[in-house]
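Chemist: Chain residues, written in single-letter form:
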Amino acid sequence: MLDTPDVTPPPDFVIETADLTKRYGEVVAVDGLSLRVPRGGVFGFLGPNGSGKTTTMGMLLGLVHPTSGEARIFGDSARHPATLKKVGAMVESPTFYPYLSGRDNLRYFQGVKRRGAPGDIDRLLDLVDLGKRAKSKFSTYSLGMKQRLGIACALLGDPELLFLDEPTNGLDPAGVVEVRELIRQLGRGERTVILSSHLLAETELVCDNVAVLSRGKLIAQGSIKELLRSHDTVRLRSTDDAAATSILREISWVEGVRADDGYLLVDAAKERSWEISRALAQRGVHVSELTPLHRSLEEYFMEITETDPTTGRAKS
Amino acid sequence: MIGSIPLLARWEWFKLRRRWMLWILLFFAILFGQLAVWGQYFSYNTLRSTGGEITVPAALQQGRIPRTLACNDLLSSDPAKHPTDLDAQVLAGMTAQCRQQAPAFPARLERAYQSFTLPGSMRTALNIVQGLALILLAILTASAVGIDYGSGALRTVLTQGTGRWTYLTGKLLTLLALAAAGLVIVLASAALSGVIAGNLIGEAPPSAGVVAATYGDIARAAGKAWVSLLPYVALVTCVTVFARSTTAGIATGLGYYFTEQIVIALFSTLFSWFENVANFFLVRNITAWTGGGTGGFTVGTLPDETQALIVLAVYGTIFTALAYWLFERRDVAGATGAG
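One line per chain: the protein sequences are Y and L, in this order. Read in order, the letters of the first sequence are residues 22 to 337 in my numbering. Read in order, the letters of the second sequence are residues 498 to 836 in my numbering.
Hints were generated in silico from the structure; no laboratory data involved. Misleading hints may appear alongside valid ones.
From chain Y, some residues computed to sit far from chain L (all C-beta separations above 12 Å) [unchecked claim]:
id	residue
1	Glu37
2	Gly62
3	Gly208
4	Leu221
5	Ala222
6	Leu226
7	Ala280
8	Gly305
Just some of the chain L residues that point at chain Y, by a computed CB distance under 10 Å [stated by the list, open to error]:
id	residue
9	Leu505
10	Arg507
11	Phe511
12	Lys512
13	Arg516
14	Trp520
15	Ala650
16	Leu651
17	Thr656
18	Gln657
19	Thr666
20	Arg827
21	Asp828
22	Ala830
Pair ranges (Cβ atoms, derived) [as the list claims (entries may be wrong)]:
id	chain 1	residue 1	chain 2	residue 2	range
23	Y	Lys156	L	Thr711	43 to 51 Å
24	L	Ile815	Y	Gly46	27 to 35 Å
25	Y	Leu148	L	Gly536	33 to 41 Å
26	L	Ala716	Y	Val48	52 to 60 Å
Here the structure is a predicted model, which is why all the values come from computation and not from measurement. All C-beta atoms, glycine included, are put in the ideal place defined by N, C-alpha and C.
So here's chain L without its partners, still in its complex pose (with noise of 0.2 Å):
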């Protein structure tokens, strides 16, 4: 029995790479992690050209939008580059300010430049696609589990002798092998471009003393982020099956992950006890796990890594052996015709 599943993992590859819908996904990610990565390639540009930027706000200024002045202009010995339609007091202000934040220069400088070249350009990518991939995987979760009662081929699988829980097992272990391999190709793709921008860059800004991140950082960072999708595919999968239909898994995949996150923005301000409770919620401890990357926001101090780790397998059993209950107790009738 054991020895069939990588088998049935094989065919459900078969099934799933014949789908749009896992290489759109893929597409996103890959797209999300390159916005990352050339957005720090644009930004370095600006920051080195600008020397940082100064926001001029409106009640400086009679009024008028707030805008932004370049540090090298208001530190340049060209009166022609200072702005000539700023009060004097204004424009000193603003110049201390630069002259005050020049020290600091070097390392943001080094700092954004080692975040679009490798080996950073690699976690810059994986601090956006980690929080996202929860979103992507319960969509493709949702949508490999669903299809086989939307159709109804779950009856038609099953009578080929394949044992069912072999055949979830099947399935779940080439999601996961998925998730696994689209961490793997956006991280590549993330270190293509990073060596393509280093080398539109040029030469690197000299060393300011920033510890840069290493390649085996961002393997432990990676694997932080495969395991933090565990318990989410285990919560999609759980209802996708309990409530037969794709539709469902999905829209519990994306409401939960934003619902979590008001829900606690909410409460944590009316009660000053909710920020315990909320201690032990799922898309929380998903992000203490992975160190705040998730892309979500935050109220109050995260959970220890250890807590948020034993919080998410606690999660992760109770989905799994939840699904597993069901997928192997229910009759199975032929198409429900559910998306």
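Chain Y extracted, bound-state conformation (with noise of 0.2 Å):
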């Protein structure tokens, strides 16, 4: 008989949280969160203002202390020393020792997270294009500077898990573009990026899967083909809309329908598009016009949050 050898498989997600609550008094900042980060590639981490996000992150990176509930990477502890030295941060605004260079303010991260080799941080500051800058005290950086500084730091000793909070924040449109880039590239194979980002067409660009808070509560959390997909909208132009939207009704499929402009909105997949026109027809509705509508993820968030799309702020 042969011996199976006793190999821990490594978990399929690299973060784990189960009902996760953070109070400060009265005020609920994270509600009862319970998150799966699967491993690889770039992970969306959205909400609006005050949502929890990045309190979220904190708790992750042993930074705030949770009220209840547990947080794991890579199965162990958050706040386990060892598991942070395998994951690069960046939480809100990058903060570093104003008197030092850039260079030494890596070369000092460096040494004490114990990872990586001498030539990493060359490497880096070309990476963020700070290579020309290294030597200037951090306090001399524009913000764009900072917030460069602050990804390269993130990226210190090749970490298999990057949270990155707002990376472009302050950056030109030419380094926007940069950082999209630099992060799809950095989520590629084992390594997992959580990125929060207040710019959801950019999230949109580059995340696979995303988690939605509002309210310290996660409202939804999946790839975002799925999510979209899940809440596509069909519209379309009847003969007899009243008699159109009992119809629509009874079809187990379709998830509403509601009228809009002169128009029924049928929420449903896109792709049974032909399914609704053929139901209508065959009770004697006709339809003189279906058009698929295509969701940003934006406008999903919009509308999950309950967000008024034209103030951006929370519907009263």
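Please dock the two separately framed chains into a single complex, following the hints provided.
Modeler: Right under this line is the structure:
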């Protein structure tokens, strides 16, 4: 009989939280968050201001103590220093020692992290286009340069898991494109990038999966394609809207029907548009116009977080 | 975890040595040590050339400003060296005082000589610097701990997986090692000045049997001075971590040092029992432990060395435990912006 080696497979999820909660007095910043982030790819962490994104990142990175619940990275306690050695992070604005140069800041953080080679520093400085200002003090850097140094620092030691909180803040348009491409590259293979951003169009271009938080609660999680598909809408104009509404409401896979500005909006997968048309025709209602609507992540986000698209604020 | 502390201490030194503050504080420590040594050198020169000085009070010279007279002049057989504007009776009194002091003069001269030549120059510098070191190290500690909060860099540090208590331990060990190095540098510079001053002065005064401090005495005194810094570093660390502010740490380090002594001086004159309470105060016990050499003023009898050591250990333990507890327990946010 052959001995089977007792090898524990690596966890499929790099981050797992169970009922994670953080209260500040009466305010519940994060409310019973149970989240699973799969290994590899770019994971978008979305939510309006004050939704608990940064607090959640803080708890995952051991900066903030949870009031209750559990957070695990690579299957270990998120606060465990050995776990954090495999993690790179830039949370909120980049914070460094103002009297040290960009290079010395990176040397220091590489030293305390004990990962990587001395040559990595110059490589990372070049990667974020800070090579020429490497000897300047951090206090003399512009916001965009500070942001670039923050990204370089997060990449020290070639981390398996990378947290980037608003990484494109303060960058010019060319810089935004560069960072977007960089994040895409970083998310290839086994590395996982957790990207928190307000720029939803950017997020849609870069992320594979997202989690959406609102008022401290997880309100949606999954791949962008699935999430957007689950909220597909087909817009149609018919010869008898009242009859069409009643017919469509009888169909099990139609999630909702509503009238809007002379059209009927049908919540159903756009691939089934032809079935909608056929069902109505069979009951004597004819369709004069039928358009599957493509919804952006931004529209989806505004809807599920109940944010007013014109003001960007939560609907009262 | 414990194994990472020396590495964290090494990188703390990487940061600290790039700050002007460290070198400015060291400069002041050396400067005050040197002032003490060279002050003794000039005092010795004056003592040797005057044979000691006697102050003539205003009341004995028709209300004129008090002045000093050199005993060498008064005891001189040359009348031209005697002051002519003093009453003969006053002059005789002053001369008698000089004669009275004359037997003790060789010992006084030898003590003065020993205070600026090796190894006594080191003891002289240490007497001045050990009190000053409390304040200088308080400033350095508050600054080294507080900048992590002010700049927000603590968040970036902790996300590198340093561990909280190991990071704070590395920082405090570096500060204490720097304090020890600072004392050694001050002593070395005082030793060098002692050699130079000894060569400048030339021949030593005749021996009067004064027992000089030995290198062992100085090493012991330096060790005690270093130990006396520990509870004060703990106090400043605790306040800086609590307030997340360099300014609060520095204000406490400076303010407490002087306030305690003023409070003791004030209340001890008002209430006889207060001295017993004061014997459990921090700076008073530091003064007692270092043999009264902290530069502060003392009222009444200082506690004995053993009590002082116990009190300092209790203070050190409480402040350190509190600082670690706060540092471990608190959530870490971004930059406070506080100085």
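Chemist: Now tell me, hint by hint, if it's right for this structure.
Modeler: Verification of the hints:
No beta-carbon of chain L comes within 12 Å of the beta-carbon of glutamate 37/Y; the shortest separation is about 19 Å. At the 12 Å boundary, the C-beta of glycine 62/Y stays outside the reach of chain L, the nearest C-beta of that chain being 21 Å off. With 12 Å as the threshold on Cβ separation, the claim that glycine 208/Y sits away from chain L holds: the shortest Cβ distance comes to roughly 19 Å. With a least beta-carbon separation of about 24 Å from chain L, leucine 221/Y lies farther than 12 Å from that chain, consistent with its non-interface assignment.
Listed as outside the interface, alanine 222/Y is consistent with that label: its C-beta sits roughly 27 Å from the nearest C-beta of chain L, beyond the 12 Å cut-off. The claim that leucine 226/Y is not at the interface with chain L holds, since no C-beta of that chain comes within 12 Å of its own (minimum 27 Å). Its beta-carbon lying about 48 Å from the closest one in chain L, alanine 280/Y satisfies the requirement of being farther than 12 Å from that chain. The Cβ of glycine 305/Y lies farther than 12 Å from every Cβ of chain L, with a closest approach of about 65 Å, so its non-interface assignment holds.
Given hint, leucine 505/L at the interface with chain Y, holds; its Cβ is 6 Å from that chain's nearest Cβ, closer than 10 Å. For arginine 507/L, the suggested interface contact is upheld, since its CB lies about 8 Å from the closest CB of chain Y, less than 10 Å. For phenylalanine 511/L, the interface hint holds, the least distance from its beta-carbon to any beta-carbon of chain Y being 6 Å, beneath 10 Å. Checking lysine 512/L against chain Y: minimum C-beta separation of about 6 Å stays under 10 Å; hint holds.
For arginine 516/L, the interface hint holds, the least distance from its beta-carbon to any beta-carbon of chain Y being 6 Å, beneath 10 Å. Contact between tryptophan 520/L and chain Y, as hinted, is not supported at the beta carbon level, the nearest pair being about 13 Å apart and thus beyond 10 Å. Below 10 Å, beta-carbon pairs count as interface contacts, and alanine 650/L has one with chain Y at about 5 Å; its hint therefore holds. Look at leucine 651/L: its Cβ gets to within about 8 Å of chain Y, closer than 10 Å, so that hint holds up.
Against a cut-off of 10 Å between C-beta atoms, the interface hint on threonine 656/L holds, since the closest Cβ of chain Y lies about 4 Å away. Because the smallest distance between the Cβ of glutamine 657/L and any Cβ of chain Y comes to about 4 Å, under 10 Å, the interface hint for this residue holds. At about 13 Å, the closest approach between the beta carbon of threonine 666/L and any beta carbon in chain Y exceeds 10 Å, and the interface hint on this residue is violated. Taken as an interface hint, arginine 827/L checks out: its beta carbon lies about 8 Å from the nearest beta carbon of chain Y, inside 10 Å.
The criterion of a C-beta within 10 Å of any C-beta in chain Y is met by aspartate 828/L, whose closest approach is roughly 5 Å, and the hint holds. For alanine 830/L, the interface hint holds, since its Cβ comes within 10 Å of a Cβ in chain Y; the closest pair sits about 8 Å apart. Under the hint 43 to 51 Å, the C-beta atoms of lysine 156/Y and threonine 711/L, about 50 Å apart, fit the expected range. Judged by the Cβ atoms, the range 27 to 35 Å given for isoleucine 815/L and glycine 46/Y holds: they are separated by roughly 29 Å.
Under the hint 33 to 41 Å, the C-beta atoms of leucine 148/Y and glycine 536/L, about 58 Å apart, miss the expected range. Separated by about 58 Å at the C-beta atoms, alanine 716/L and valine 48/Y satisfy the suggested range of 52 to 60 Å.
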